[in-house]
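**Student:** All the letters of the sequence shown, read from the start, carry residue numbers 32 to 115 under the numbering used here.
It should be emphasised that the hints constitute simulated quantities derived from the structure, not laboratory data. A hint or two may mislead.
Dumping the calculated DSS-like pairs for lysine-lysine here, alpha-carbon to alpha-carbon at most 27 Å [said to hold, decoys possible]: (1) 107 / 82; (2) 104 / 85; (3) 94 / 82; (4) 93 / 82; (5) 89 / 34; (6) 104 / 94; (7) 93 / 34; (8) 107 / 89; (9) 34 / 82; (10) 104 / 89; (11) 34 / 107; (12) 107 / 85; (13) 104 / 82; (14) 107 / 93; (15) 94 / 107; (16) 93 / 104; (17) 94 / 34; (18) 85 / 34.
The following label-pair restraints were derived from C-beta to C-beta distances [said to hold, decoys possible]: (19) 88 / 46: 16 to 22 Å; (20) 98 / 58: 17 to 23 Å; (21) 106 / 58: 17 to 23 Å; (22) 85 / 49: 28 to 34 Å; (23) 98 / 41: 30 to 36 Å; (24) 93 / 57: 18 to 24 Å; (25) 49 / 95: 33 to 39 Å.
Values in this document were obtained by computation on a predicted structure and should not be read as measured data. From the three backbone atoms N, C-alpha and C, an ideal C-beta is built for every residue, glycine too.
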Amino acid sequence: MLKIEELVHAFIHSQCNFEKEIVLTNHFQADWEADILIVDSEGYSHEIEIKLSKSDFKNDFKKSYTNSSTGEKFLKHDKISCGD
32 MLKIEELVHA FIHSQCNFEK EIVLTNHFQA DWEADILIVD SEGYSHEIEI
82 KLSKSDFKND FKKSYTNSST GEKFLKHDKI SCGD
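Let's have the full structure, built from the sequences with the hints guiding it.
**Tutor:** Following this line, the structure appears as structure tokens:
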């Protein structure tokens, strides 16, 4: 079975343009973690999540976070689906 690091490596070397994009792997921002975070030449950020199994995918919908500034609690996918 492939390891997550191998999948990340394969993706960034086949899909990313290092002359026009900033590519971060296993990036943590406060309570948030992304397998790959890409900032493109226009300043847009793109989060890539790599899932190794169906259970890994399903468990991600249960992840909750607390905004350290406001104390607001939310589910990760609820926050993403509303555009935040």
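**Student:** Decide if the proposed pair is consistent with the structure: residue 34 and residue 82, CA atoms, cutoff 27 Å inclusive.
**Tutor:** 11 Å, holds
**Student:** Given the hinted pair residue 94 and residue 107, is their alpha-carbon gap at most 27 Å?
**Tutor:** 6 Å, holds
**Student:** Are the Cα atoms of residue 104 and residue 85 separated by 27 Å or less?
**Tutor:** Holds. Residue 104 to residue 85 sits at ~25 Å (cutoff 27 Å).
**Student:** Do the alpha carbons of residue 104 and residue 89 lie within 27 Å of each other, as the hint requires?
**Tutor:** 19 Å, holds
**Student:** Sort out whether residue 104 lies within 27 Å of residue 93, counting only the CA atoms.
**Tutor:** 12 Å, holds
**Student:** Taking only the CA atoms, is the gap from residue 93 to residue 34 under or equal to 27 Å?
**Tutor:** 23 Å, holds
**Student:** Taking 27 Å as the top limit, are the C-alpha atoms of residue 107 and residue 89 close enough?
**Tutor:** 12 Å, holds
**Student:** So if I understand the rule, the pair passes when the alpha-carbon distance is 27 Å or less; does residue 93 with residue 82 pass?
**Tutor:** The given pair, whose Cα atoms are some 14 Å apart, holds under the 27 Å limit.
**Student:** Take a quick look at whether residue 104 and residue 82 sit within 27 Å of each other, Cα to Cα.
**Tutor:** 24 Å, holds
**Student:** Tell me if the beta carbons of residue 98 and residue 41 are separated by a distance inside 30 to 36 Å.
**Tutor:** This hint holds: roughly 34 Å between Cβ atoms.
**Student:** Just tell me: holds or violated, for the beta carbon distance of residue 88 and residue 46 against 16 to 22 Å?
**Tutor:** 20 Å, holds
**Student:** Residue 107 and residue 82 were given as a pair; does the straight-line alpha-carbon distance stay at or below 27 Å?
**Tutor:** 15 Å, holds
The structure fails none of the hints (numbered hints given earlier).
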